[in-house]
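Colleague: Protein chains in written order, with our numbering: chain A, 1 to 319; chain B, 320 to 837.
Incorrect hints may have been included.
[To be verified] Ranges of calculated distance between the beta carbons of each label pair, as one might list FRET restraints:
#, chain 1, residue 1, chain 2, residue 2, range
1, A, Gln271, B, Asn669, 47 to 55 Å
2, B, Ser527, A, Arg5, 30 to 38 Å
3, B, Asn517, A, Arg5, 31 to 39 Å
4, B, Ser478, A, Ser165, 43 to 51 Å
5, A, Lys25, B, Asn345, 37 to 45 Å
6, A, Gly133, B, Gly753, 40 to 48 Å
7, A, Arg5, B, Asp600, 42 to 50 Å
8, A, Gln271, B, Ala654, 29 to 37 Å
9, A, Gln271, B, Thr726, 32 to 40 Å
10, B, Thr497, A, Gln271, 21 to 29 Å
[Claimed, not checked] Partner residues aside, some chain B positions facing chain A, computed with beta carbon under 8 Å:
#, residue
11, Asn424
12, Asn439
13, Ser525
14, Gln528
15, Gly735
16, Gln758
17, Asn778
18, Thr790
Treat the hints as calculated values from the structure; they're not laboratory data.
Predicted, not measured: the structure shown is a model, and the values here were computed from it.
Just so it is clear, CB atoms sit at the ideal spot from N, CA and C, and this is done for glycine as well.
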Amino acid sequence: MQFTRITNRYTSENIVNNLLINRSKLVNLQEQISSGKRITKPSDDVLAGISVVSTNNSLGKIENYLKNIDNAQSELETAETALLTTIDSVHTTKELTLQALNASSGPEEMTIINAQIKQIIEQVKDLGNTKYGSKFIFGGLQTEPTPFTAPVAGEIQYNGSPDGSHERRVEISDGVTIPVNLSGEAVFGEYYTADWDSDVMTPDTLDGQGLLKTLISLSNELAMPAPDKDFIRQQLDSLDTDMQTVLNAQSELGSLSSRLEMTKSNLQDDQLNLTKIKSGAEDIDMAKTISELQFQQTALQASLQVSSQVIQPSLLDYM
Amino acid sequence: MPSTLYGIYNAQRALSLNQAAIDIINSNVANMNTKGYSKQRLEISQASNVAPYQSPVDATQSGMGAIIDSVTRNRDVFLDNSLRRETTDLNYYKEYTDNAVQLENIVNELDDTGLNKTLNDFYNSLSQLASNPNDFVVRNSVVQNAITLATTFNNTYTSLQNEKTGLVGDINNPDTLTQSKLSIDINDLNNKLSAVANLNDQINLSTSQGMTPNALLDQRDELLDKISEYIPVNITNERNNTVTLSIGAIELVRGKERSGFFEIQAGATNDNPSIVQIKNDAGSVFSTNAYSLITSGKIGAILQTGGDDPGKLTIKGIMDSLNSLASEFATAVNAVQTNGRYIDSSVNPNELSDNLSNPIPPSAGTDPDPEDFFVDSSGLGVINAGNISVNAIISNDPYQIAAAKLTSNLTETGDGSNALLMSQIRNQGLAVLGGATTQGYITNVTGKLGTQSKNIQDNYDIKSNILQQVTQKRESVIGVNLDEELTDLVRFQRSYEASAKVMQTLSQTLTTIINMMG
């Protein structure tokens, strides 16, 4: 039979080694349980480590996109409220215009109607100057100085970014941006005396377009001693066109909102999935780890017990 | 016919032989737990019955007792050699593991403080800025996040540099070359080589005088075990129990001479700050760079971690990666920044910087063109991870971040499209980073470091197991077994008693004769 010559140093070294291994396994498990993490450095599990880093990247981005979407949604809601009020104003104006066209309306009624229309003009101007936070939302890229101003009483000028280059875009997912504002110029229009100071040959004239032009023209006409009813009737058609513009803008806002809502729910799904992946990569399975810990404790106790018995006996005990 | 007193001489010799055996047991038991002690054995043989003072005719009849041949050590050269080879490898992987784990701790991307996290915060705040370009608080948070990011780059870089300096020194600071771990280990190693040469000398002397210097041999074996921890060394046994040590084809110790020793020379660049040479006391240089000879052992691992071998896990490799990342990132951000318009806060109401048409700076001291976002704080001219910092112009006035695009009108301060472009750098593959995005690159670096570190740790575990087995095997040869010694003790005690009894009997026999004479 083969046998190994067991020397005292052999035995003690063996025992110490085994105890060290058992203890380090135990400490490792204890650390895992107290931190709740399976890996503390990439080499603990390279694939899991990489997956933690890359899910962290994606989660950070998603968090940011969701924040952008929330902001954009609030901003769009503010715009939507403004548009609803505008639609009401246009309705009221139409009623007032019909009253003015009524054969029984005399100069006194005209004055009253005009006063109301002036109120509406003021209201539409204020709606154009709606703010979200500290930003004027209908000024395009020019969010700070007031976009709709009255350089002269009875005129309203739009000072914001021109229609077409007005879009402020936010990023709502990788490489996808979405505009969060409408052109104030397109929705509300303007009507003011253009100041051609650089060109003395051109006379200063009232110019503009859209709702505000219609409203101001109407008001100016009503202020005339004998308002031209045909002109007023024409304004009624213009009001319909302007109404359509506002309605179109409203539906644009609606589709932007629903796009945001859809992206948001996709991102939230992604967020949930990624969190699961990350947790699977770095978190411990508590039940499994605790039972491993108990197993390891038993192993340590057993090896301690066996070691104490192995060290003791020698021939000396029997001499 | 032997002389009358011949038997008494024999018995006396037996007594002293048994006495010597018990002395050796004494020594074995005393050194039961001494590291490096090899169990000694008394080699006994039957005394030759042909002695010069006897006539050959008488020599055939009775035995002449026993004599001591030598005291030998339990030793197995084959096991010693394989243990030393494994020791060299184990210490290589042990040192490399320590270094690799340390690097992983420095470049820690798994927790909430790494580069990845700070980059993320920076991009996110830019994305917020894109929606709120007028908001000072948002601008300030971009600046704060940029500063945190630059500081994280700087700190990681400095920690890596310190780690490298600790291992192999830094040529810009010559003191560190002599205080590095490498230098301390090389000194230790040189001292141990001298000690082996000295022991060779003493052993040679004793052996040539016919003695067996077991204690010295044990001492030298212990030293050879230690030297094997540092470098892969070849050990050849020579006559008179001396050994020759060599690395590659270069002799380090022959006989009583330390024929070669290691010396550190400052390298030409900081990529390889310490170069190990092998020379002798006379000044001859045998190897101008022993890097390719010291492939293993603790010193091998230090040289490789601190060196610039692209195939190995090196601190330089990680620092280079960080440098590429910092420089590419800064270049990308600066390119977008300088191609936009910032808000000139000195004008009321605020306007965009007029870098298109207005040749006069909008206010004293400010330049109409946007300044770089990130600059190099060392004046080196090249941005790296160690010197990347936020331009003071921007950190003093966050309005200088060019959030608006170049084509915006002066009053369009609400334009954040350039800030959006800046935040979208996170999705851009950058050519110098192998087409990876900034954060993708960090993932790659982390993965590579993790894989290399794991590989080294696995090898360390394997080598630990092997070395433990070989050590135990050797212990089972050279160690002391108490049961064995006690059995021997009883054996030699009985033998001693018996020899004494023989002497007593002989003495009584003589007494009988003498009394008869009387």
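Colleague: For every hint, state whether the structure bears it out.
Modeller: Now the hints, each set against the structure:
Hint check: glutamine 271 of chain A to asparagine 669 of chain B, Cβ distance near 37 Å, so the stated range 47 to 55 Å is violated. Range check, serine 527 of chain B to arginine 5 of chain A: about 33 Å between beta-carbon atoms, so the 30 to 38 Å window is met. The hinted range of 31 to 39 Å is satisfied by asparagine 517 of chain B and arginine 5 of chain A, whose Cβ atoms lie roughly 33 Å apart. As the Cβ distance of serine 478 of chain B to serine 165 of chain A is approximately 48 Å, the hint placing it in 43 to 51 Å holds.
One distance hint, 37 to 45 Å for the beta-carbon pair lysine 25 of chain A and asparagine 345 of chain B, holds here, with the actual separation near 41 Å. For the pair glycine 133 of chain A and glycine 753 of chain B, the beta carbons lie near 42 Å from each other, so the given range of 40 to 48 Å is met. Between arginine 5 of chain A and aspartate 600 of chain B the Cβ separation comes to about 44 Å, which falls inside the hinted range of 42 to 50 Å. Taking 29 to 37 Å as the suggested C-beta distance range, the pair glutamine 271 of chain A and alanine 654 of chain B conforms, at roughly 32 Å.
Between glutamine 271 of chain A and threonine 726 of chain B the beta carbons are some 36 Å apart, a value that agrees with the proposed interval 32 to 40 Å. Taking the beta carbon of each, threonine 497 of chain B and glutamine 271 of chain A are about 55 Å apart, not inside 21 to 29 Å as hinted. At about 7 Å, the closest approach between the beta carbon of asparagine 424 of chain B and any beta carbon in chain A falls short of 8 Å, and the interface hint on this residue holds. Taking 8 Å as the C-beta contact cut-off toward chain A, the hint placing asparagine 439 of chain B at the interface holds, the least distance being around 4 Å.
Taking 8 Å as the C-beta cut-off, the interface hint given for serine 525 of chain B is violated, the closest approach to chain A being about 26 Å. For glutamine 528 of chain B, the interface hint is violated, the least distance from its beta-carbon to any beta-carbon of chain A being 31 Å, above 8 Å. Annotation: glycine 735 of chain B was flagged as interfacial toward chain A, and the flag holds, the nearest CB pair being 7 Å apart, inside 8 Å. Taking 8 Å as the C-beta contact cut-off toward chain A, the hint placing glutamine 758 of chain B at the interface holds, the least distance being around 5 Å.
For asparagine 778 of chain B, the interface hint is violated, the least distance from its beta-carbon to any beta-carbon of chain A being 12 Å, above 8 Å. At its closest, the beta carbon of threonine 790 of chain B sits 7 Å from a beta carbon of chain A; the interface hint therefore holds under the 8 Å criterion.
Hints 1, 10, 13, 14 and 17 from the earlier list are contradicted by this structure; the remaining hints agree with it.
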